[in-house]
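Visitor: Here the protein sequences come in this chain order: S and C. Going by this note's numbering, the first residue of the first sequence is number 390, and it counts up by one from there. Going by this note's numbering, the first residue of the second sequence is number 18, and it counts up by one from there.
Bear in mind the hints are in silico, worked out from the structure with no lab data behind them. This one's a predicted model, so the numbers in the text were calculated from it and none came from an experiment. Note that CB positions come from ideal geometry on N, CA and C, so glycine has one too. Be a bit skeptical, because a hint or two may be false.
Listed next, with one range per pair, are the computed distances between beta-carbon atoms [what the hints assert, rightly or not]: (1) GLY64(C) to ARG410(S): 46 to 54 Å; (2) LEU38(C) to ALA443(S): 52 to 60 Å; (3) LEU38(C) to LEU409(S): 21 to 29 Å; (4) ARG316(C) to GLY483(S): 37 to 45 Å; (5) ARG316(C) to ARG499(S): 56 to 64 Å.
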Amino acid sequence: MALTLRALWLVLLGIIPVVLRPAASTVWLWLLLCAVIVGIDVLLAPRPHGLELARTGATSVRLGESTTTTLLVGNPGPRTARGVLRDAWPPSTGAASTRHTLRLSAGERRRVTTELTPTRRGDRIADRVTVRHQGPLGVGARQSSLEVPGRLRVLHPFPSRRHIPSRLAVLRQLDGRAAMRVRGQGTEFDSLRDYVEGDDVRSIDWRATARRRDLVVRTWQPEQHRRIVIVLDTSRTSAGRIGDAPRLDAAMDAALFLTAIAGHARDRVHVIAGDRRVRTHITGHDRGRLLHDTISELAPIEAEIVEADWRMLAAEVTRTGTQRALVVLITPLESSALEEGLLPVLPALAARHRVVVAAVADPAVDVLRRGRGTATDVYAAAAAERTVSLRDRTAGALRGLGVEVLHEPPEVLPLALVDHYLSLKRQGLL
Amino acid sequence: MTSVAAVAKSRSFAAWLGAVLLGVGALAVIAIMTTPSDAAMDPDGLGPTGGAALIAVLDQNGVDVVTTRTIEDTTAALREGGSGADTSVVIGNTSNLGTAAAATLRQATLGAHRVVALSPSSAQVRSLGAEVTALRIGAGVEIESRCDIGPVDEGDTLLGIDARYELRGEVSGARACFPLTLTTDEGDAGDGDEGDGEGDHGAVLLDLPATSEHAPLTIVGSTSGFTNRAITEADNAAIALRLLGGSERLVWYHPGVTDLADSDAGTSDDGGLLPRWLMPALALVGVAIVLLGVVRGRRLGRLVHEPLPVVVRAVETTEARGRLYRRAQDRPRAAAVLRLATLDRLRSRLGLRRGDPVDVVARAASAATGRPVSEILDLVSGPAPTDDAALVRLAQDLSDLEEKAHRP
């Protein structure tokens with residue numbers, strides 16, 4: 390139950406009888422009368438539980454974009470329902486206005502639409518829908534909160550997707566759909582066709598030429614169906630923020646970009662995210678579906694304040710198959726965490742697979758390094774140099790194991806990773 | 018953010034306001050507590066309007082003076098004295114004497130030696146048991162007694178008059194002194210008759226004998242005449258001493274504010290200036306205010322909580338290490354780290370191998386920059402700086418060297 394401002398005015402109206410009959414009993418009697426009126430009004434108000442509520446609308450939205458969620462409200466009762474409805478969402482869902490006035494005559498159905506502009510990645514669960522129905526006099530109201538399940542998945546903005554066309558063009562060049570049709574390491578037999586001038590004479594297939602009595606050449610295409618395993622470290626070191634976003638978001642951007650390009654190259658992609666446990670493991674043959682799944686599955690994952698268990702993550706990589714694969718470990722280059730966790734398991738992994746460690750660099754460290762103004766700046770610069778030298782030592786140790794290390798700021802890392810992948814593909818090193 | 022700041026601001030403002038109000042209130046209370054009462058004829062009043070001088074003199078002359086400030090104390094003091102005929106009562110200041118208190122006093126003093134009231138009003142006198150019309154006047158003239166009763170002799174003069182009294186009706190044995198007459202009626206109003214002289218304007222002192230209603234009652238229309246300032250004027254002191262010193266014990270009743278309030282409650286309160294409906298209406302408004310809180314305070318559904326992520330900057334550890342260096346004043350370490358970093362960069366910039374010793378790097382850098390080898394050696398492997406200024410200088414020199422050194 391709830392009261393309205395009208396109830397307040399009703400009580401204040403009691404000043405008239407009080408002036409006419411100035412006594413304390415008048416006040417009591419008037420308050421009693423008000424209580425009776427409000428009680429009757431509340432009793433006459435329709436029950437909020439009687440409403441029929443159903444939710445429709447988008448279930449996912451890319452971060453930075455707006456969407457709407459719609460409640461279909463039906464009034465099956467015999468009386469007109471007047472009042473207020475609140476469709477409650479967590480603050481970071483960015484609901485424009487959660488309160489809606491309600492006026493439903495008997496049997497009427499109506500849509501109540503709330504605009505949502507989320508401000509953070511992840512799943513947002515709708516809270517209860519609260520309905521406050523006024524009585525016929527509008528002095529009292531009945532209020533109830535009803536569960537109307539709703540979930541909005543806020544997806545990673547995937548800012549590097551704008552680079553997809555340019556990298557696909559590079560891929561097509563490799564792919565043989567453009568000029569490159571030479572035999573070499575990392576290519577496999579594609580088809581036979583007639584010789585045209587300018588073709589490499591080494592690619593003439595003499596056996597076929599003998600059969601056809603015309604010169605026939607073999608064409609080659611880059612290797613397909615290589616395995617790419619992307620491992621996202623979601624442990625404590627990924628929680629650190631660079632600018633406004635955690636490192637994990639930049640790491641996801643890189644993982645998504647590589648998934649998109651490798652999917653187009655018809656490679657088989659596994660995306661594993663984990664820290665002490667495997668948070669998600671996404672794979673699939675259909676490249677469009679794979680990217681969609683990856684974006685959707687990664688959306689609710691946040692960095693946890695735990696240490697990564699690299700032994701377990703390496704085991705998960707091994708479980709994907711014994712065939713040689715490109716294993717991309719996206720993890721911050723934090724020397725202490727990596728030297729104790731990753732380095733011991735890396736030799737076994739590097740012996741079987743081609744391993745790339747991609748790390749999100751923090752431009753703020755470089756800014757600190759150049760500080761020369763005051764003593765405080767210089768101490769901070771010394772600390773930054775120390776961080777850099779420790780990092781270089783770790784990177785050196787990783788390179789010593791035959792692992793490629795990419796260390797780039799958030800905007801550059803996805804491009805660097807994909808370019809590295811394409812260069813490996815070009816050289817047939819997958 | 019802004020709303021939080023605004024709330025904090027308004028809170029601090031409220032705190033200041035509260036502190037100021039508290040301070041002002043405390044000052045007011047202290048001022049009230051420490052200010053001596055300057056009510057007329059206050060028994061403890063040492064100021065010009067007080068009555069302590071008279072009490073002190075009475076005390077010296079062997080009169081046992083008991084001062085009381087409430088009617089309860091007064092009746093208690095009278096009971097203590099056995100309500101005997103050796104006790105006199107004086108109402109030193111009648112401005113706070115309520116009619117109820119006066120009636121109580123009349124009852125309590127039935128057996129007393131004498132009751133003296135200084136400048137009472139008609140209503141107060143009526144409550145004391147006599148029918149007298151009181152008229153306020155203010156006269157700074159000395160007037161003669163023109164009577165000879167016990168406490169007042171023929172020829173006594175009194176200075177400082179606040180009221181005059183006219184007796185209503187006949188009262189046997191009543192005597193009037195210090196009659197007020199018009200200047201043209203000089204020589205009239207002889208001594209000691211009914212008090213109503215020719216062209217009479219009443220008298221300043223009325224002496225009424227005891228009746229079944231009251232003890233012997235003396236009404237004196239002068240309060241200011243017996244204050245510390247005026248007691249020595251004319252024959253005021255003699256009159257006062259004779260009037261009040263006639264018994265062994267004197268109860269000096271100085272009515273307090275409570276005595277006034279008691280009397281008013283029964284007679285004139287509910288017919289006051291405020292409309293009768295005001296209090297009920299205010300109660301209604303109070304209920305409405307509480308209701309407003311209830312109306313506005315009812316939430317439309319519960320609060321929705323937000324699972325917040327950890328917010329920690331990635332560069333935090335590096336900054337913390339920098340603060341650690343600074344706190345420890347670890348200049349040697351900071352300098353060593355900076356020098357190592359510079360050497361590493363010089364090696365890569367000058368095309369040297371990673372493991373090349375310092376002097377090789379210094380020679381190469383000297384060749385690239387044209388600066389002497391010893392200077393560069395001093396810079397990259399000299400003694401550690403001894404103060405912060407030297408450290409800053411070293412850091413600047415190192416970055417300067419790096420900028421100048423290019424591959425030869």
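Visitor: Each of the hints needs a verdict: does it hold here or not?
Guide: Status of each hint after checking the structure:
{"no.": "1", "hint": "GLY64(C) to ARG410(S): 46 to 54 Å", "result": "52 Å, holds"}
{"no.": "2", "hint": "LEU38(C) to ALA443(S): 52 to 60 Å", "result": "57 Å, holds"}
{"no.": "3", "hint": "LEU38(C) to LEU409(S): 21 to 29 Å", "result": "39 Å, violated"}
{"no.": "4", "hint": "ARG316(C) to GLY483(S): 37 to 45 Å", "result": "21 Å, violated"}
{"no.": "5", "hint": "ARG316(C) to ARG499(S): 56 to 64 Å", "result": "24 Å, violated"}
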